[in-house]
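S.K.: Fit chain G to the supplied structure of chain W, relying on the hints for placement.
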Amino acid sequence: MAEHYKPTKYKAWELTLEERFQEVYPPFSQREAVLEANRCLYCHDAPCMVACPTGIDIPTFIRKIATGNVKGSAKTILESNLMGATCARVCPVQVLCEGDCVLHADEKPIAIGRLQRYATDYANEKGIRFFKAGQPNGKKVAVVGAGPAGLSCAGELAKLGFSVTVYEKKVWAGGLSTYGIVVFREPVEVSLAEVKMIEELGVTIRNGIEIGKDLTFEELIAENDAIFVSIGLGNVPEMEIPGENLEGVHDGLDFVEETKTEALSTIKFGHRVCVVGAGNTAIDCATIARRLGAERVTMIYRRSEAEMPAYHFEYEFALKEGVSFMFLTQPVEILGKDGKVHGIKCVRMDLGQPDASGRRRPVHVPNSEFVVPCDMLIKAIGQVKPEGIIAMLAPFGIETEKGYIKVDQHNRTTHAKIFAGGDCVRSHGEASTVMAVQDGKIAAASIGEQLVGVARPLAAAVSKR
Amino acid sequence: MPDLSINFCGIKSPNPFWLASAPPANSGYQVQKAFEQGWGGAVWKTIGAPVLNVCNRYGTMDYKGSKIIGLNNVELISDRPIELNLKEMAEAKRNFPNHAVIASIMVESKKEAWQEIVKRTEQTGCDGFELNFGCPHGMSERGMGSAMGQVPEYTRMVTEWVMEVATIPVIVKLTPNVTDIVIPARAALLGGASGLSLINTINSVMGVDLDTFELQPNVGGKGGHGGYAGPAVKPIALHLLSAVAADPDILKSRLPISGMGGVETWRDAVEFMLLGATSVQVCTAVMHWGFRIVEDMIEGMSNWMEEKGFETCDDFIGKSLPRVSNFGDFDLGFQSVARINHDKCIQCNLCYIACNDAAHQCIDLKELKITDEAKERLWPVVREEDCVGCDLCSRVCPVDDCITMVEIDTGRPHITWNELVKSKPEVLEWEEMEAYRETANIHIH
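Here the protein sequences line up with chains W and G, keeping their order. Residue numbers for the first sequence follow our numbering, so the first one is 1 and each next one is one higher. Residue numbers for the second sequence follow our numbering, so the first one is 1 and each next one is one higher.
Keep in mind that the hints are not guaranteed to be accurate.
Stated by the list, open to error - Some chain G residues well away from chain W (every beta-carbon gap over 10 angstroms; in silico):
#, residue
1, C9
2, G65
3, E112
4, R323
5, Q347
6, N349
7, Y352
8, I353
9, P398
10, E426
11, I442
What the hints assert, rightly or not - Label-pair distances were calculated between CB atoms; the ranges are:
#, chain 1, residue 1, chain 2, residue 2, range
12, G, D372, W, D355, 23 to 33 angstroms
13, G, A374, W, D408, 45 to 55 angstroms
14, W, D408, G, K366, 29 to 39 angstroms
15, G, R377, W, K11, 36 to 46 angstroms
16, G, V421, W, T67, 40 to 50 angstroms
17, G, E367, W, A222, 47 to 57 angstroms
18, W, I221, G, D372, 41 to 51 angstroms
19, W, H104, G, E429, 49 to 59 angstroms
20, W, K196, G, A374, 17 to 27 angstroms
21, W, K196, G, E367, 44 to 54 angstroms
Read the hints as simulated data drawn from the structure, not as lab findings. Every residue, glycine too, gets a C-beta built ideally from N, C-alpha and C.
Here chain W stands alone, though its shape is the one from the complex (with noise of 0.2 angstroms):
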């Protein structure tokens, strides 16, 4: 029987650990690829490539997978964003391309993100190489931080010829790609490959060395004629309610960079967990609880379900992997019990004014408190904002906007040496893998602009959102 027609086991206890952890969608056949890439109508002035924050040209590259040029089609995606296996993955399509698809109201829009992932994978696979260096330029750039922003930023460069040295704090190059999407979303090799294919085009990634301690901007301003900044967040912040430390209790990102590093079957995980947010992180850490094997997993969030961050599909996805919600509920304790984590003690809320987010306000409902049992608490609400990298910059007189450094529409901050992009400068509009990779495209261009006069192709382009 061929290889896709293979029936699919539904059912997770019936699928080993591994199984549980490849990637949701299995990858499309040619068969299925082929048909799907038919489907597409071929919109003139296609409304999936407006959408697209990196304006992919998605009718051409679905029609030549139609044609059977795949490697064609991985150039074209490829050629408007470096990392279009990770945003085929990734990216909120429903949201963007597909949402936008026209075939959303009568039929069903085309699945852009999977046809992209079939030709960026076949490339892959292949090993075929789209672009070179660049003709040595002469000028020298400092990227900090090898996350999609710095590593789609360092990729332009060095097509652009500049000699380009990333610095990474971490083990591995990729940020989130790496460390932060879970592994039944986008494994760690996918990241990798595209770390690979930068590294060929000529830029250094120097891991393990991390801005402030090892090196300084002071350093990096003087040996280079521009330097990226796209240092991403900082970790998951404090709750600030007693019993934090208690063991049992887990920073989000954390629980989800072990299922990215760590052999599956050694991570520890509880068999009551509480999730506390509700944004994708939140609903990350909570399905990989149940596809280790927790029994009860449950996501604790102050607000309603109008209000939660996440996805509308991501939420979708939690409810069909079992995982239980807990609305209009908020922690005001962790309970312990011989210093492991027991319970959390939570107070009901209802919704009040709108806040400054235009989101309504949760307020307390007096004497409603009540303690959920568990073993296991993860934390995600969020991450800190970048305070460390901004104090380090403030003396060069980079400005700030709300937390985050300010940057213009062509990601130059306001020193006229340092550009920024990614999460880090995302003071509005919401984060995404996608987003950075527009903000290195778009930093490169002014990189180059400024450094050796090539002209900004991107300046109509600049990001919509």
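M.R.: Only chain G this time, still in chain W's reference frame:
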């Protein structure tokens, strides 16, 4: 319940659906199985001259994930012993006395040979003959098949030989591989044929392999032309059918026609019958899906007849024939323009780009503000005064009934080209043509 039975120059059939003379009608087993499943008749795979077949025999046109929208073959007439074919034919007829069993025959161009096979075959009790003057490969090179059908004198001569001895109806099957199919059709009529059938397969080369450079079908590294059939040839078949069926000589003779070439569904069958076919023959669709498709063909046609109020097939056979006309007799004053229904439009804007790149640049993309969306996309809007009514936009539109061609009256005179050049021969000069257009309110940008 409508009556689907037909009487084709004396050959009676419970419905108009016949297996064409082809691989599905190769044996008694197949034909009887087909009858059991509902097929009204079968034209047995051609028997006659001795042959040897090759491998591979088929090539296909596959389109956007759909298999076999066209099928080509280089298989020859039956390679089974004649005796066996005749025995099975007799058996099939005996077991299914109310079904039509028609023997397709083809032998070398000798009177004795034709008359001998006619006499021999009639003993099976079959209902009629079909003379294979159409096979375009293998047999034609030996002076048979389309080699006979392409020379009207041969068509007539052989038909006459057969008619001299045949005591049952004789259908002449025509080849499409001619410049004007009406000529051999009239030759068959003059030869005394009882009916016609068309089309046989079309000369074709199916494709070339991009890796091996071999042709399709690939016979040990070589390929050549073969007979093309299947859904893709339907428009050609309909044209040839309508040309023959609307020919005054054929019309007057009332020769029944068995139509084929891309019939796959009851809808196709109805179209062939509206253009004058009394029965339809099917091959490629059966080769793709088997005999069982006939159940839907029968039911679909019955439902359609019921809906339209037709009680018998005769009520609609040839109903569209009076509409078969020629360019010179079309009304130059009939004008239509495209109207886009923006409630249905999904803004793929394919109509815009088709009109702009490939037609007459009369669709604009405009801001209409008809939704609540902040960033509403531009809508295609027809500039009706410039629309030439070509209909390309509605043809590319992926949404049913979104773009309709609406008849409008622009005061153009209702006159045909033939009438115009008769009354105003001067319009054959550009200057005079321009002058006429002014008076006729025809403005070309």
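S.K.: When you take the CB atoms of H104/W and E429/G, is the distance between them in 49 to 59 angstroms?
M.R.: Once the Cβ atoms are compared, 55 angstroms apart, the range 49 to 59 angstroms for E429/G and H104/W holds.
S.K.: So R323/G supposedly isn't at the interface. Is its beta-carbon more than 10 angstroms from every beta-carbon in chain W?
M.R.: holds (33 angstroms)
S.K.: Quick one: work out the minimum CB distance from G65/G to chain W and report holds if it exceeds 10 angstroms, violated otherwise.
M.R.: violated (4 angstroms)
S.K.: Just want to verify: N349/G was marked as not at the interface with chain W; is every Cβ pair farther apart than 10 angstroms?
M.R.: Contrary to the label, N349/G does not stay out of reach of chain W, its closest Cβ about 4 angstroms off (not over 10 angstroms).
S.K.: Would the non-interface assignment of Q347/G survive a Cβ cutoff of 10 angstroms against chain W?
M.R.: The claim is violated: Q347/G sits with its nearest Cβ about 6 angstroms from chain W, within 10 angstroms.
S.K.: Do the Cβ positions of R377/G and K11/W conform to the proposed distance bound of 36 to 46 angstroms?
M.R.: With Cβ atoms ~43 angstroms apart, the hint holds.
S.K.: With 10 angstroms as the threshold, tell me whether E426/G passes as away from chain W on beta-carbon distances.
M.R.: holds (43 angstroms)
S.K.: Taking 10 angstroms as the cut and beta carbons as the points, is P398/G off the interface with chain W?
M.R.: violated (5 angstroms)
S.K.: Between A374/G and D408/W, does the beta-carbon spacing fit 45 to 55 angstroms?
M.R.: Once the Cβ atoms are compared, 24 angstroms apart, the range 45 to 55 angstroms for D408/W and A374/G is violated.
S.K.: Mind verifying the non-interface call on Y352/G? Its CB should be farther than 10 angstroms from each CB in chain W.
M.R.: violated (6 angstroms)
S.K.: Are D408/W and K366/G spaced within 29 to 39 angstroms by their CB atoms?
M.R.: holds (34 angstroms)
S.K.: Starting from the range 47 to 57 angstroms, see whether the pair E367/G and A222/W falls in it by beta-carbon distance.
M.R.: About 53 angstroms separates the Cβ atoms of E367/G and A222/W, which means 47 to 57 angstroms holds.
When each numbered hint is compared with the structure, violations occur for hints 2, 5, 6, 7, 8, 9, 13 and 20.
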